[in-house]
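S.K.: Chain W is fixed; fit chain S onto it per the hints.
Protein chains: 2
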Amino acid sequence: MQFLELVKKRYSVRGYKPDMVEDNKLKIVLEAMQFAPSASNRQPVQFIIINTQGKKQELRKIYDRDWFINAPLLICACGLPHESWVRSDGTNYTFVDVAIAMDHLILAATEVGLGTCWVAAFNAQELRKFLGLPEEVIPVAMTPLGYPDIEPTPKERKPLDELVRYDHW
Amino acid sequence: MQFLELVKKRYSVRGYKPDMVEDNKLKIVLEAMQFAPSASNRQPVQFIIINTQGKKQELRKIYDRDWFINAPLLICACGLPHESWVRSDGTNYTFVDVAIAMDHLILAATEVGLGTCWVAAFNAQELRKFLGLPEEVIPVAMTPLGYPDIEPTPKERKPLDELVRYDHW
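Here the protein sequences line up with chains W and S, keeping their order. Position 4 of the first sequence, counted from 1, bears residue number 4 in the working numbering, the numbering being contiguous throughout. Position 111 of the second sequence, counted from 1, bears residue number 111 in the working numbering, the numbering being contiguous throughout.
Next up, chain W with everything else stripped away, as it sits in the complex:
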């Protein structure tokens, strides 16, 4: 599939079948994540894979949506700011590095027929407690991972001339 087609095929899947993700598909999405670039190749990321079985009520405290707790797997993409590259003006690139890696995982999942949904509106405190995250590990984004049980809706995007400008053209 062409990349642009893949980008347009991805959608925020807010409904999952109970079927488990096969190991070979999990392997593909993790490898796509692993080969993501990062600032100065520091790879300051930790991806945590959560099997939701038997934990659904606990997971509601993190993000209270049926489609979230009912996906067979959740992925929590974390950053390690103390291992990240930092620009001379103090800007830390953890969030960028985690986002690239998660984007790779999500696009790879789309290609193999799996659904995902970027989730940032989780309760970070409850998530930290659930995963036992030390202070230096920052949860940046989550996604369910499983087979979609809903149809895509059309994407609404700003026109390109609002998003792009040509400088000194």
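Source of the hints: derived by calculation from the structure; they are not laboratory data. Any given hint could turn out to be false.
In silico lysine-lysine, DSSO-like type, Cα no more than 30 Å apart, as pairs [to be verified]:
{"hint": "1", "chain 1": "S", "residue 1": "129", "chain 2": "W", "residue 2": "9"}
{"hint": "2", "chain 1": "S", "residue 1": "129", "chain 2": "W", "residue 2": "55"}
{"hint": "3", "chain 1": "S", "residue 1": "155", "chain 2": "W", "residue 2": "55"}
{"hint": "4", "chain 1": "W", "residue 1": "8", "chain 2": "S", "residue 2": "155"}
{"hint": "5", "chain 1": "W", "residue 1": "25", "chain 2": "S", "residue 2": "8"}
{"hint": "6", "chain 1": "S", "residue 1": "9", "chain 2": "W", "residue 2": "25"}
{"hint": "7", "chain 1": "S", "residue 1": "155", "chain 2": "W", "residue 2": "9"}
{"hint": "8", "chain 1": "W", "residue 1": "8", "chain 2": "S", "residue 2": "129"}
{"hint": "9", "chain 1": "W", "residue 1": "8", "chain 2": "S", "residue 2": "27"}
{"hint": "10", "chain 1": "W", "residue 1": "25", "chain 2": "S", "residue 2": "155"}
{"hint": "11", "chain 1": "W", "residue 1": "27", "chain 2": "W", "residue 2": "17"}
{"hint": "12", "chain 1": "S", "residue 1": "25", "chain 2": "W", "residue 2": "129"}
{"hint": "13", "chain 1": "W", "residue 1": "155", "chain 2": "S", "residue 2": "25"}
{"hint": "14", "chain 1": "W", "residue 1": "27", "chain 2": "S", "residue 2": "158"}
{"hint": "15", "chain 1": "S", "residue 1": "129", "chain 2": "W", "residue 2": "25"}
{"hint": "16", "chain 1": "W", "residue 1": "27", "chain 2": "S", "residue 2": "129"}
{"hint": "17", "chain 1": "W", "residue 1": "155", "chain 2": "S", "residue 2": "9"}
{"hint": "18", "chain 1": "W", "residue 1": "158", "chain 2": "S", "residue 2": "25"}
{"hint": "19", "chain 1": "S", "residue 1": "27", "chain 2": "W", "residue 2": "158"}
{"hint": "20", "chain 1": "S", "residue 1": "25", "chain 2": "W", "residue 2": "8"}
{"hint": "21", "chain 1": "S", "residue 1": "25", "chain 2": "W", "residue 2": "9"}
{"hint": "22", "chain 1": "W", "residue 1": "155", "chain 2": "S", "residue 2": "155"}
{"hint": "23", "chain 1": "S", "residue 1": "8", "chain 2": "W", "residue 2": "27"}
{"hint": "24", "chain 1": "W", "residue 1": "61", "chain 2": "W", "residue 2": "158"}
{"hint": "25", "chain 1": "W", "residue 1": "8", "chain 2": "S", "residue 2": "9"}
{"hint": "26", "chain 1": "S", "residue 1": "27", "chain 2": "W", "residue 2": "155"}
{"hint": "27", "chain 1": "W", "residue 1": "158", "chain 2": "S", "residue 2": "129"}
{"hint": "28", "chain 1": "S", "residue 1": "9", "chain 2": "W", "residue 2": "55"}
M.R.: Below, chain S without anything else, positioned relative to chain W:
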């Protein structure tokens, strides 16, 4: 090309031919950027396209590398934190949204044979001056865009068991 193959094909291109990027290719990479997801679909990004012709000496102040100033185009990916989604704990998702959009642009460029290189080590102050950026526009990442004039080098990545953990498995 399969997505995993595309991910592995991308490399940090530090050498460009002088040939200009064709309009149809620029259109594809910008469309891939446009269809990137963002927190709450706010799309708080501004992508600035710089034609380097006649500006090479000025561009050296931003990032002093021959391969950077000699690429025909540079893309500056900026974020608009005041338009971004913010979690209830105050975490602003601008950097995540810009990174996803830039990742889409870079992968689309790879597919159509163009070279890119994530650059974060630019002089932000000089860049702001050059582009006349208002205070609320944050330059997050840059990339040259053009035809590669160097061969790829192998990617070194941490093993998966350093990047991934299985929780409550």
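S.K.: Take the hints in turn and mark each one as holding or not.
M.R.: Consistency of the hints with the structure:
At roughly 39 Å between alpha-carbon atoms, residue 129/S and residue 9/W are farther apart than 30 Å, so this suggested pair is violated. With a C-alpha separation of about 52 Å, the suggested pairing of residue 129/S with residue 55/W is violated against the 30 Å cut-off. For the hint pairing residue 155/S with residue 55/W, the CA-to-CA distance comes to about 38 Å; that exceeds 30 Å, so the pair is violated. Restraint check for residue 8/W and residue 155/S: the C-alpha separation of about 28 Å stays at or below 30 Å, so the hint holds.
Only pairs whose Cα atoms come within 30 Å are accepted, and residue 25/W paired with residue 8/S is accepted, the gap being roughly 17 Å. Only pairs whose Cα atoms come within 30 Å are accepted, and residue 9/S paired with residue 25/W is accepted, the gap being roughly 20 Å. For the suggested pair residue 155/S and residue 9/W, the alpha carbons sit about 28 Å apart, so the restraint of at most 30 Å is met. For the hint pairing residue 8/W with residue 129/S, the CA-to-CA distance comes to about 36 Å; that exceeds 30 Å, so the pair is violated.
Annotation: proposed proximity of residue 8/W to residue 27/S holds, straight-line Cα distance about 15 Å (limit 30 Å). Taking the CA atoms of residue 25/W and residue 155/S, the gap is near 22 Å; set against the 30 Å cutoff, the hint holds. Distance hint between residue 27/W and residue 17/W is fulfilled; the C-alpha atoms sit about 20 Å from each other, no more than 30 Å. About 47 Å separates the Cα atoms of residue 25/S and residue 129/W, which puts this hinted pair outside 30 Å; it is violated.
A distance of roughly 22 Å separates the Cα atoms of residue 155/W and residue 25/S; the hinted pair therefore holds under the 30 Å criterion. Under the criterion of a C-alpha separation no larger than 30 Å, the hint pairing residue 27/W with residue 158/S is consistent with the structure, at around 15 Å. The suggested pairing of residue 129/S with residue 25/W is violated, with an alpha-carbon distance near 47 Å, which exceeds 30 Å. Between the alpha carbons of residue 27/W and residue 129/S the distance comes to roughly 45 Å, so the proposed pair goes past 30 Å and is violated.
Distance restraint check for residue 155/W and residue 9/S: the Cα-Cα separation of roughly 28 Å lies within the 30 Å cut-off, and the hinted pair is therefore satisfied. A distance of roughly 20 Å separates the Cα atoms of residue 158/W and residue 25/S; the hinted pair therefore holds under the 30 Å criterion. Simply put, residue 27/S and residue 158/W have alpha-carbon atoms about 15 Å apart, close enough for the 30 Å limit, and the pair holds. Between the alpha carbons of residue 25/S and residue 8/W the distance comes to roughly 17 Å, so the proposed pair stays at or under 30 Å and holds.
Simply put, residue 25/S and residue 9/W have alpha-carbon atoms about 20 Å apart, close enough for the 30 Å limit, and the pair holds. For the suggested pair residue 155/W and residue 155/S, the alpha carbons sit about 34 Å apart, so the restraint of at most 30 Å is broken. For a cut-off of 30 Å, the pair hint linking residue 8/S to residue 27/W stands: about 15 Å separates their Cα positions. Between residue 61/W and residue 158/W the alpha-carbon distance is near 34 Å, which puts this suggested pair outside the 30 Å criterion.
Only pairs whose Cα atoms come within 30 Å are accepted, and residue 8/W paired with residue 9/S is accepted, the gap being roughly 21 Å. In summary, the hint linking residue 27/S to residue 155/W is supported, as the alpha carbons are separated by about 18 Å, within the 30 Å threshold. For the proposed pair residue 158/W and residue 129/S, the alpha carbon gap of about 27 Å is at most 30 Å, so the pair holds. Restraint check: the Cα-Cα separation between residue 9/S and residue 55/W comes to about 39 Å, which exceeds 30 Å; the hinted pair is violated.
In this structure, the hints that do not hold are numbers 1, 2, 3, 8, 12, 15, 16, 22, 24, 28, in rising order.
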